[in-house]
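Visitor: Chains as they are written, first to last, in this note's numbering: chain E, 1 to 394; chain U, 1 to 131.
Think of the hints as simulated: they come from the structure by calculation, not from any bench. For glycine and all other residues, C-beta sits at the position ideal for the given N, C-alpha and C. Don't take each hint at face value.
Claimed, not checked - On the chain U side, residues computed to face chain E include the following (Cβ under 8 angstroms):
| no. | residue |
| --- | --- |
| 1 | 10 |
| 2 | 14 |
| 3 | 32 |
| 4 | 36 |
| 5 | 37 |
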Amino acid sequence: MIYLDNAATTKIDPKVKKTMEPYFFEFFGNASSLHFGGLKARQAVDEAQAKIADFLRCQAKEVYFTSGATESDNWAILGLTRAFKRQKNDFKPHIIISQIEHDAILAPAKELQREGVEVTFLAVDKNGLVDVKKVSQAIKSNTILVSIMYANNEIGTVQPIKEIGKIIKEENKKRKNKIYFHTDATQAVACLDCNVEKLGVDLLSLSAHKIYGPKGVGILYIKNGTPIEPIMLGGGQQNNKRSGTYNVAGIVGLGRAVELLLNKKVINLEVKKIKQLRDYLVKEIKNKIPRTIVTGDIKNRLPGNASFIFAGAEGESILLMLSNTGIAVSTGSACSSGSLAPSHVLVAMGVKPELAHGSIRVSIGRFNTKKDIDIIIKKLPPIIERLRKMSPLQ
Amino acid sequence: MYNEKVLKHFSNPSNQGEIKNADGVGLVGNPTCGDMMRIFISVSKNKKGEEIIKDIKFQTLGCGAAIATSSMLTEMAKGKTIAEAEKIGKLQIAEELGGLPAVKMHCSVLAHEGLGEAIKDYRSKNKKLKK
Numbered sequence: 001m002i003y004l005d006n007a008a009t010t011k012i013d014p015k016v017k018k019t020m021e022p023y024f025f026e027f028f029g030n031a032s033s034l035h036f037g038g039l040k041a042r043q044a045v046d047e048a049q050a051k052i053a054d055f056l057r058c059q060a061k062e063v064y065f066t067s068g069a070t071e072s073d074n075w076a077i078l079g080l081t082r083a084f085k086r087q088k089n090d091f092k093p094h095i096i097i098s099q100i101e102h103d104a105i106l107a108p109a110k111e112l113q114r115e116g117v118e119v120t121f122l123a124v125d126k127n128g129l130v131d132v133k134k135v136s137q138a139i140k141s142n143t144i145l146v147s148i149m150y151a152n153n154e155i156g157t158v159q160p161i162k163e164i165g166k167i168i169k170e171e172n173k174k175r176k177n178k179i180y181f182h183t184d185a186t187q188a189v190a191c192l193d194c195n196v197e198k199l200g201v202d203l204l205s206l207s208a209h210k211i212y213g214p215k216g217v218g219i220l221y222i223k224n225g226t227p228i229e230p231i232m233l234g235g236g237q238q239n240n241k242r243s244g245t246y247n248v249a250g251i252v253g254l255g256r257a258v259e260l261l262l263n264k265k266v267i268n269l270e271v272k273k274i275k276q277l278r279d280y281l282v283k284e285i286k287n288k289i290p291r292t293i294v295t296g297d298i299k300n301r302l303p304g305n306a307s308f309i310f311a312g313a314e315g316e317s318i319l320l321m322l323s324n325t326g327i328a329v330s331t332g333s334a335c336s337s338g339s340l341a342p343s344h345v346l347v348a349m350g351v352k353p354e355l356a357h358g359s360i361r362v363s364i365g366r367f368n369t370k371k372d373i374d375i376i377i378k379k380l381p382p383i384i385e386r387l388r389k390m391s392p393l394q
Numbered sequence: 001m002y003n004e005k006v007l008k009h010f011s012n013p014s015n016q017g018e019i020k021n022a023d024g025v026g027l028v029g030n031p032t033c034g035d036m037m038r039i040f041i042s043v044s045k046n047k048k049g050e051e052i053i054k055d056i057k058f059q060t061l062g063c064g065a066a067i068a069t070s071s072m073l074t075e076m077a078k079g080k081t082i083a084e085a086e087k088i089g090k091l092q093i094a095e096e097l098g099g100l101p102a103v104k105m106h107c108s109v110l111a112h113e114g115l116g117e118a119i120k121d122y123r124s125k126n127k128k129l130k131k
């Protein structure tokens with residue numbers, strides 16, 4: 001099996017798995033229990049929280065554990081806006097997001113829109129980049145939140161978060177009502193700097209299973225003093241902000257996965273290797289397959305992302321045929337999404353629907369080798385050729 | 001998402017290709033929506049003098065379900081009289097495949113339409129010949 005879908009999820013690093021193991025049988029206690037079992041679990045949660053804080057360069061108490069990036073994103077969007085609505089009943093808040101956000105941002109934003117909140121969906125350029133100036137222009141007197149993803153999951157385009165952070169900071173100096181800045185860093189964490197101070201963000205979402213950790217656990221970084229309502233109500237865990245029993249083993253796994261990212265020397269080498277493999281793949285595929293389009297920004301791009309459009313072949317069919325040969329990739333074609341519209345990201349970039357249906361994303365990760373890339377380079381061209389021959393459009 | 005039968009038809013489709021000088025051709029769907037099918041039929045008469053679909057082939061641009069329903073349709077229609085082939089229901093192709101995900105049912109409808117168009121084309125050509 002050749003796994004080239006690391007943007008969907010990653011394999012757990014064996015080191016992470018090993019660290020998690022004792023927390024299933026030996027130290028299975030509830031981190032909120034007062035007895036020795038709870039104490040051990042609590043220590044583990046605290047340690048993980050400290051590691052994540054170290055990674056983000058924030059305070060440990062600013063790190064809140066969630067069930068993953070979807071919950072973190074929902075919480076950031078809904079929680080912050082609701083806090084503002086509660087403060088002033090007649091206030092109509094305005095939030096700004098990009099058109100290419102993940103559905104975990106788009107869906108709650110649209111939900112708020114139905115509740116009467118004003119939402120700006122910022123357009124992107126043909127490479128999927130958000131224009132910093134346009135963020136600035138979109139700001140209004142009632143703007144409370146800007147949420148722009150750090151890197152896009154489909155096309156790998158890395159957004160100018162620091163620059164956006166700067167203009168929001170400048171803007172905030174001029175106004176009474178602070179604008180808060182959130183970024184969904186899910187795709188970026190494995191390879192980009194996530195220093196929240198440098199990025200200038202007040203809120204940041206990340207997920208463990210994209211960084212060689214377990215599924216079902218993530219965090220929301222919430223800067224001290226940020227007004228936010230809980231969306232999970234119950235036992236009052238995590239300072240009454242996020243109820244629910246601590247997912248101790250998951251949190252331990254996330255902590256260890258982040259700790260591995262703290263080893264800059266190793267990670268820099270890893271990122272370099274991944275980028276080399278990606279560049280090699282893109283070069284070879286462009287050489288071997290006619291009518292190949294590379295989508296996304298070439299320069300501002302995640303190192304492991306290679307996203308293509310093969311005109312005249314449909315993405316899901318390409319994916320299934322690659323799967324038949326033991327290669328796992330992803331597509332933004334309508335078919336895989338459950339709806340009939342092609343990828344909202346490609347559409348926002350101005351890609352024609354008939355082309356968007358032929359999109360394939362290859363995402364390279366920690367455990368991929370040159371041999372994996374050589375195999376997909378060999379297997380993909382005949383598949384595209386076969387599908388193009390099968391088509392009524394010659 | 002897809003059952004084994006669907007995947008089998010997708011991976012090794014029956015009757016894929018084109019018929020040169022086909023008696024009827026139907027082209028349905030459009031590239032914007034992602035699925036496009038062209039169905040070719042050649043028609044002859046059996047001993048009873050009924051028109052039968054002697055051969056049928058397809059060309060499809062589309063997802064796994066589009067290819068699988070194309071293949072399934074051709075198997076179902078091949079050798080049938082035109083009257084019988086016209087009785088194939090629009091969701092019967094999906095049924096014969098053992099079911100399709102709800103969002104993919106339109107592929108069954110599209111294949112059904114493709115055959116309908118091919119038969120219509122055959123009839124209009126035939127009329128012209130008779131004239």
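Visitor: Taking the hints in turn, state whether each one holds.
Guide: Outcome of the hint check:
For residue 10 of chain U, the interface hint holds, since its Cβ comes within 8 angstroms of a Cβ in chain E; the closest pair sits about 6 angstroms apart. Proximity of residue 14 of chain U to chain E is violated relative to the hint, the smallest CB-CB distance being about 13 angstroms (cut-off 8 angstroms). Hint status for residue 32 of chain U relative to chain E: holds, with the closest Cβ pair at about 5 angstroms, below 8 angstroms. Look at residue 36 of chain U: its Cβ gets to within about 5 angstroms of chain E, closer than 8 angstroms, so that hint holds up.
Interface hint at residue 37 of chain U: satisfied, since its Cβ lies 7 angstroms from the closest Cβ of chain E, which is below the 8 angstroms cut-off.
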